[in-house]
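Those sequence lines, one after another, are chains A, B and C. No gaps in the numbering here: position 220 of the first sequence is 222 in my numbering, and each next residue is one more. No gaps in the numbering here: position 201 of the second sequence is 344 in my numbering, and each next residue is one more. No gaps in the numbering here: position 294 of the third sequence is 870 in my numbering, and each next residue is one more.
In case anyone wonders, no lab produced these hints; they're calculated from the structure. Please note that a few of the clues may not be correct.
According to the in silico footprint, chain C covers these stretches of chain A (three or more CB under 8 angstroms from chain C) [to be verified]:
| # | stretch |
| --- | --- |
| 1 | 13-25 |
| 2 | 180-192 |
One side only, chain A facing chain B, incomplete, derived with CB under 8 angstroms [stated by the list, open to error]:
| # | residue |
| --- | --- |
| 3 | F88 |
| 4 | P93 |
| 5 | L110 |
| 6 | E113 |
| 7 | I128 |
| 8 | V131 |
Note that beta-carbon positions come from the ideal geometry of N, C-alpha and C, so glycine has one too.
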Amino acid sequence: MEIFLQQVINGLSIGAVIALMALGVTLIFGLTGLVMFAHGELLVIGGFLAWFVTIQLSSSFWLGMVFAIVAVGLIGLALERGVFRFTFDSPINGFIVSLGLIIVLQHLLVELSPAGASIVDIPAPIGKVFDLGGARIPGTRVLVVGATLAVVAVMLWVIYRSSHGRALRASAIDRDTAALMGIPVRRYIMVVFLVGSLLAGLGGALMIGLFPIDPFIGGRFVIKAFAVALAGGLGNPLGAILAAFGLGLAEAMGTQYFQPEWSESYAFIVMIIILLVRPRGLLTGLQGPAAR
Amino acid sequence: MRMTTSARNQIAEAISNPRRMATVERVVVIVAVGIFILLIPEFTTSRHLFLATVTGTTAIAVYGLAVIFGQAGILSLAHAGLWAIGAYTGAIFFREFGWSYWAVLPLGIIFSSIAAAMLAYPALRIRGHFFLIATFGFGELVRIVLENGGGFESGRRLGLIVQGGMPDFFGIGLQSANSIYYVTVAYLAIAIVTVYLIRRSGFGATMRAVRENEDLSESIGIHIARTKILAFTMSGAFTGAAGVHYAFLLKHIEPSLFGAQDGIELALMVLLGGAVPLLGPLLGASVVLFVPELPFADNPNFVQIAYGLALILLILLLPRGLVSGLKALYIEARDLLMRTFRSVREPPQTPTSEHT
Amino acid sequence: MPHSLHWCSASLSPRAATTTPSNKPPPNPNRRRSNRRNPNLNHSNRRSRNRQQPQQAAAETGIVRIGSVQPLSGGGLAFYGKSEEVGLMLAVQQINESGGFVVGDTTYTIEVVARDTRSDDAVGIAAVQELIRDEGIKIIFGPIPHGVGLAASELTQPEQVLHLMSLSILTSEGGVLNPETSQTSHKWLFQIEPSELTRSTITAAGVLELLGAQPGDTSVIIATDDPSGQFLGRFYNGVLTALGQKTHPVVFYPPGTTDFTPFLTRLKGLNPDWVHNWYIAADSVLIAEQALELEVARGYMVFGVDPGWWQENFPDGIENESPIVLACINLCRAINSSERSREHYRAVNEFECGDPDGCSPAPLTDITLWQYDYVYMLVAAMQKAGTVDDTTAIAEALEGITIDGVLSSTLTMDPEWHRVAHGYDTCRVQLGEIACTNFSLEEYGPEALGVTEEFVLANQEGSEQ
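Take these sequences, add in the hints, and give me the full structure.
Structure, rendered in structure tokens:
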């Protein structure tokens, strides 16, 4: 029983980082039809910035986290202005640009980081480990899951309850009509890039609190983020978040009760099956404005 | 050198239609590239000869991708997985069942084609990006299965060693680096001609119709599912052949050679060179594999950064790939030259035009 | 990225062409590549001062060119590749600075032609072909890892190129080297690392002793799910079984995993006494930290991490009441090694960063010893054979040769298997206290402990399946 409980906790904390990624990925896709594979690199940059402030500048983790969030948000905004806005007519080109961007960002990070290509690490921001009925819960994991749930709750409230959220969802359903109705779609696209990147920055900072990272791990997370975003219906924030925690739990349980070496494949198997059965995702998603 | 009348007519026609190159010009380019490729062993080092052989082999797989992307308009990130299926079929049947290179080659083609046809099924239901992501998943799954599945290596899963390698072919020894290179070039030539024939065939037109408008194609009686499955099957044949040859070339294969990253790299090659021009995939593969060899490329990080930036700029500025860009540049230059030439020549109305 | 270093060759090369004792001219002197490409190693040219003063009274001078192919950039193995190259370069520098070595009536210095595989198998194979065919090199060290190394041996052996690699797979089951091939098809191939049986047995015995394990305790293994991890992890599992531990099938995690908690929780469910972490050093530290949080077992083995690295990264120690045992890849770099190995590491530090007291940050581990001693062994074999370019004669001289090396004062090349054997260092870390012990081949080797390869291979899935 304590093993089961422990795996539930493990699964939730795996799901939290994926959820932060998936939220950004799915929002950007919903509004622009862009499959932004370089989102994982934003996560990694967030982690490195948090490390830089915490270790290299000998400051506090919390300051590092704020710095990472703001800086990565601005980077995302700059990428939208400088690169991606030229690709909104042809999302497949945007996707390819994001592949190029992965290469550029990864190696730029290796070149600029004081640690080069090696892994970086910070001491756990919360050193305490709680004991819950035999299950061990490191404090940092509580922080990660808690922060994620709080951010997600706020995001969902904004998207589903506020007037901005309504305009956002309208734009996602039909960009042209929404524009005709007077919704500043272009501005919403910028906002979505900014917010998606802020979340990636937060995810990166939280992640380095949990474990070390190197410049090349972004891909592992972005593909999982896409898997859950797909499973939840691309463009559907609530679906993505539910699927993210679902995948985290599936990986933990699969490791415990099936073959551990196959745990990585669950995301892909689930993704392909869902796509075959329901090509638009489990919960109704959006095909994306320009995907025909 | 005297130019024939028909060639002049063609150039004249090409000038009136500036987006085209005359047939004679295309032939010249292809012959020049062909001669260059055949002469590579004469002037290069063993290092670059081997890398050229690897490039040729990789390019065959890229042509496979170009068939579905250039003609049917479907991009796939799973082709490294299909390539792996070819390579593993070759290595396993060669090692475990003692089949010869010539026997495993068709087998690899068949297995890879079957896998490609299976990959086509999702493409019937899933469109656009969704399919792209699904192929990414497929490619990773193939790698994970290779990593964990099967006891073909007697329980010691260190990848597969292909000892011995290629046999003689009707008295031509395939052991030397030169002969392996020429065999690879022959395969490459077959791949290019096949792509050319597919493009010219009725099936090529059918694929393009599906690419342009699926609903319309269906309404005029095109069987969409059959078209896509056939396109993928053909594409898989290329990757299968490339895979078997690759296994014998490297003499050792392991799953990490065929991961998602490699699938993306194949896609980058086809995008870089361009899927439609006949020499696009070859140029794409050559650029990706040879740029790190350039003498000034001494910081691998900068090479990668430059490469990523080039890709981004290319997509934003030259979305049809390098070959189309070079072609457009050449046509511009040629037309400019021709116009200048004509404006110099025409006012005096000289009758002697038979020089050049 | 390819680069080559000519330590002391500049002034010698013009003469070398006429003074090489054999009839063959030195291979392609004019096609030699210079230092024009030299990206990653910062030690490249810095120490190429010319102190060439042959002490012996040999009349003639010559150059022996050896090739080194290693991953120096791209991917996680670049660190290992660079360290191997440092080991080789250090030995070459020492030999050249002491005036070279004499064979016949000629004094030779060594020139290294180094190439980078960029962690790409195809580039690695191309580099080996380049060294053999373009550069005319007859002696090659490297490359790693297993896959590209095996492929490279397929190229070197038909060409009778002397090939030395630190890969234990060569003589393992399914490898290419055994008492039969070592006398025929693979006569020129040498494994400059002990057999996996020797390494695993000494490591396991040392780890269990330092942990205080008893026979009948439960030991479980967590290993990377890649070809090397699968091979090493399962073999080690068989050895633990042979040493009387209760064992389970190895738990494999996908390469690149950073959150090990699901895997560790699964292990915890097996109620282990000891957890052994194979084989990637950086992963295995992380696994230990997460395992301590989850309280998985009574103690942990961490593979490939040096006590010096540990001290530098955890200056105050970590709060591990459960002991952690560090298994060094060869001999530990910082603490309690022999006087001889301390001297070696001071030289390595000086070579790498100009300071004999240590580089900062320290490497996670030290594997310069996968190469260092064997340059001296090669020189001894050349002197014994009386030739520097007859690879068959040198290969025969290598068989059974014994040198006084850093790894062992009687480092011997097994004439049948073409491989060496030596002991390993292992350290126990607990609440900031570190103590290291050398476990010798004589006392802890497979023969001393009665561990056989047959038993190990039959028990790779563990005793409690």
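**Asked** Given V131(A) as an interface hint, is the shortest Cβ-Cβ distance to chain B below 8 angstroms?
**Response** violated, 32 angstroms
Check your understanding: Given E113(A) was flagged as interface, is its beta-carbon under 8 angstroms from a beta-carbon of chain B?
Key -> Because about 5 angstroms separates E113(A) from the closest Cβ in chain B, which is inside the 8 angstroms limit, the hint holds.
State whether the coverage of the stretch 13-25 of chain A by chain C holds or is violated, taking the criterion as 3 or more residues with Cβ-Cβ distances under 8 angstroms.
Coverage by chain C holds here, the residue count being 3 at a Cβ distance below 8 angstroms.
Review point. Does P93(A) pass the interface hint, meaning its C-beta sits closer than 8 angstroms to a C-beta of chain B?
Key: It holds, given that the least Cβ distance between P93(A) and chain B is near 7 angstroms, below 8 angstroms.
**Message:** Less than 8 angstroms between beta-carbons is the criterion; does L110(A) satisfy it with respect to chain B?
**Reply:** holds, 6 angstroms
Exercise. Go through the hint on I128(A) and say holds or violated, using the shortest Cβ distance to chain B against 8 angstroms.
Key: Cβ of I128(A) sits 34 angstroms from chain B, so the hint is violated.
Restraint: F88(A) near chain B, CB-CB cut 8 angstroms. Satisfied or not? holds, 5 angstroms
- Item | Coverage claim, chain C over the stretch 180-192 of chain A, checked by counting residues with Cβ within 8 angstroms (three needed) | Since 0 is below three, the answer is violated.
In the structure shown, a violation is registered for the earlier hints numbered 2, 7 and 8, in ascending order.
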